[in-house]
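Enquirer: For reference, the chains in residue letters:
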Amino acid sequence: MMDHHLSIRPALLVWALTSGATLLSVMTATGGGHADVSHMLGLGATAVVMLAGTVKAWLILQYYLGLGQSGGAWRGLFAAFLIIISAGVFIAQFLIGILY
Amino acid sequence: MTQSVSSIPDDRQEPPEQDVPATDSDSWGGLETLPGHPLIWILILSELVVFGAFLLGFSGARVKDPTGFAISQMQLDRVVGGINTMVLLTSGLCAVFATRAIRLGTVGHCRGWLLLTALLGLVFLGVKIVEYKAKIDAGISMETNSFFTLYFLITGFHALHVVMGLGILGIVALRPLAVNIETGVAFWHMIDLIWVLVFPVVYLVR
Amino acid sequence: MKYQSQKVALYYIYGALALFVAQILFGIVAGTVYVFPNFLSEVLPFNVIRMIHTNALIVWLLMGYFGATYYLLPEECETELHSPKLAIIQFWLFMAAAAAAVVGYILGYHEGREFLEQPLYIKVGIVAVALMFLYNTTLTLLKGRKTAITNVLMLGLWLVALLFLFAFYNPDNLSVDKMYWWYVVHLWVEGVWELIMASILAFLMIKMTGVDREVIEKWLYVMVSLTLFSGILGTGHHYYWIGTPGYWQWVGSIFSTLEIVPFFAMVVFCFYMVWKGGRDHPNKAALLWALGCSVMAFFGGGVWGFMHTLSSVNYYSHGTQVTAAHGHLAFYGAYVMLNLAIFTYALPYLRGREPYNQQLNMWGFWILTSAMSFMTFTLTFAGVVQTHLQRVLGMNYMEVQDQIALFYWMRLGSGLVAGVGVILIIWSLLVAPRKAPVKRRMAQPAE
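For the record, the sequence lines run as chains C, W and P.
Sequence positions in the first sequence follow our numbering and run 1 to 100.
Sequence positions in the second sequence follow our numbering and run 1 to 206.
Sequence positions in the third sequence follow our numbering and run 1 to 447.
Just so you know, these hints were derived from the structure itself, not from any lab.
The beta-carbon is built from N, C-alpha and C at its ideal position, and this holds for glycine as well.
There's no promise every hint is true.
[Unchecked claim] Between beta-carbon pairs, the in silico distance windows are:
#: 1; chain 1: P; residue 1: L155; chain 2: W; residue 2: G156; range: 24 to 30 Å
#: 2; chain 1: C; residue 1: A87; chain 2: P; residue 2: L174; range: 38 to 44 Å
#: 3; chain 1: C; residue 1: L43; chain 2: P; residue 2: L165; range: 54 to 60 Å
[Said to hold, decoys possible] If we take Cβ atoms under 10 Å as the criterion, some of the chain P residues that face chain W in the derived model are:
#: 4; residue: V215
#: 5; residue: Y221
#: 6; residue: V222
#: 7; residue: L226
#: 8; residue: F229
#: 9; residue: S230
#: 10; residue: L233
#: 11; residue: G246
#: 12; residue: W250
#: 13; residue: V251
#: 14; residue: I254
#: 15; residue: F255
#: 16; residue: L258
Here chain C stands alone, though its shape is the one from the complex (with noise of 0.2 Å):
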């Protein structure tokens, strides 16, 4: 149990994967600073910084909180939690598309 707590490696590389996809979502969400940021985001860019988000938790959660070593019931449940975030995001964007 725990082993990944051991090894070095893999900590450093979820370290630099979420820190790169943070860099990602923040250029994505301001064009790199060319962008006009008070235009509603589109679809892919929504995508991007969601996804950006939405795979650092995971990484967090495998790797940090453990729960890669942990039953399928747990991954599921916290699974389910970060899809059901990223819904609400998307369901708000779609209805502001279709309202306004």
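Since chain C is already given, all that's left is putting chains W and P on it; use the hints.
Expert: Just chains W and P now, with coordinates in the frame of chain C:
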């Protein structure tokens, strides 16, 4: 009164062990498969539900006023938010190393990594204070509009957890048993986990 | 008796049952006023009737907790009570304060602050009673064995007393006044009383199911964590419309929704323990009350609370009969049934006889529980109609009251049936004759 009728079952004695199979006395209904003390996971799960509800509420409130939310969101500094995310992620990495150190039995290293974890937590709080101060200086408060009510509530609650997390890290550093370290670090990772979800929903999506 | 001093609990149980009767009587009278508005209006105004109905409830529940604590603490701590004499003095002081308050209310002496109507000297008396109680029980705990049950119970009781101190703070600003006002009974029922409830249920489960203490204590810690996590900020659902800042609508809605979780955990806990224990405890009535308590608390506190806890719903429903429906079933399910469970369990031991006449007690359980459920449904329907007519269509208050008169009739009927249930229960607990101990069934032998 003093004489109980002999036929009353004497359940006032502890039941003998063999009454119930003792096999599951270590069981916490699955919580024991997660790192740290099982009760910290009751807290972590509760926190996730609360922050999840706040984030869903945020998306819902945004549907009612997308323009207002987009304009208000422009007052936030996305780059600073991104930097703060990386600060927290780095602090989470240090927390992993602290757990690793205690598993290898090196208390000194463990404490060192915990200190680094906490220092980065303090940096995160410092940046938060700068952000809040900028809002307050611009005349923005919790009552300005529903975007800022939720912004201050969500990030404020989160910052409060960073403060509590610092306290917990301090306590487990004083009693560095493996289970204590894992418990404190699990709480710290939860703070990290919540922030990586708060950041895109509140700062980025519009 | 295992410990002599446990029998001081008898005073409290008798006192609680007496006030229970008073509470029900005044409830029936209040229900009558709803259908005959001028009933007793010259002698006993409605506000006084309601005051006695609600105050007697709170006081008898507290008295029940005192009794339950005096009963279970020596057994858990494995030592005699620090001072049985002090406990008896405390009882008479409490009873005198309660009686003085009731007589005072009838004669028109009260402070008029809803639910905290007690005149100052009564409030001081209550604090004195609480101090005597805490002194006595805390010293008992300190000299004896400390278990999860005793610790959680004592934490709950200490917090009950500390939170009551807010009853003395009465600021001029009405919003601030209301803000602290909710600290008293609502941080009790949504927070620290649940600690008392969980620990008493845990005690009953250890005694009646025979499941390992270790297992039960884990559940207790989980239930306590969930309660405190959700209940403290969940009380914010009272801060929607009293002039407190708007963020309370978010905080209150989210945290109070979670308050259903600890209640659900208590249901799972009780049923799982009984299933797991598989012991055939002879006091079936006590087990029925304990299981029923968890279920009705879940419905009354959890489900009926959630129904109107979201601020967007509560905007329309606050202050209607929906609130009354929730209040009745929540108090009954969580705290009345809890007390009746521990009374039903403890009285056979305290009075040194078999858990006799369980049939009557269980009939009382079903009649009272059905009556309270029916009352809750009628008030819920009344509240829904009222919300729609008054808050959506904008009809005026008294016109709406006419429209829902039928529900008030049905509520009075269910109140009368509840009265019958209470008589049966009290009869079975106190009066019914001793039966010849022939066809009893023992607990499973422990070999």
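Enquirer: Under the criterion of a CB-CB separation shorter than 10 Å, is L233 (chain P) in contact with chain W as hinted?
Expert: holds (9 Å)
Enquirer: Taking 10 Å as the limit, does the beta-carbon of I254 (chain P) come near enough to a beta-carbon in chain W?
Expert: holds (5 Å)
Enquirer: Between A87 (chain C) and L174 (chain P), does the beta-carbon spacing fit 38 to 44 Å?
Expert: Holds: the Cβ-Cβ distance is about 43 Å, inside 38 to 44 Å.
Enquirer: Would the hint on W250 (chain P) stand, with a C-beta cut-off of 10 Å toward chain W?
Expert: holds (6 Å)
Enquirer: Can the hint on F229 (chain P) be confirmed by a CB-to-CB distance to chain W that is less than 10 Å?
Expert: holds (5 Å)
Enquirer: With a cut-off of 10 Å, does the beta carbon of G246 (chain P) approach a beta carbon of chain W closely enough for the hint to hold?
Expert: holds (6 Å)
Enquirer: Hint V251 (chain P) vs chain W: min CB-CB distance below 10 Å?
Expert: It holds, given that the least Cβ distance between V251 (chain P) and chain W is near 7 Å, below 10 Å.
Enquirer: Has the hinted range 54 to 60 Å been met by the Cβ atoms of L43 (chain C) and L165 (chain P)?
Expert: holds (56 Å)
Enquirer: Hint check: is the beta carbon of V222 (chain P) less than 10 Å from a beta carbon of chain W?
Expert: Hint holds; V222 (chain P) Cβ to chain W Cβ min 6 Å, cut 10 Å.
Enquirer: If you take the shortest Cβ to Cβ gap from S230 (chain P) to chain W, is it below 10 Å?
Expert: holds (7 Å)
Enquirer: Min Cβ distance, L258 (chain P) to chain W: is it shorter than 10 Å?
Expert: holds (7 Å)
Enquirer: Answer holds if the nearest beta-carbon of chain W is closer than 10 Å to that of L226 (chain P); otherwise answer violated.
Expert: Hint holds; L226 (chain P) Cβ to chain W Cβ min 7 Å, cut 10 Å.
Hint check: no violations occur; every hint is consistent with the structure.
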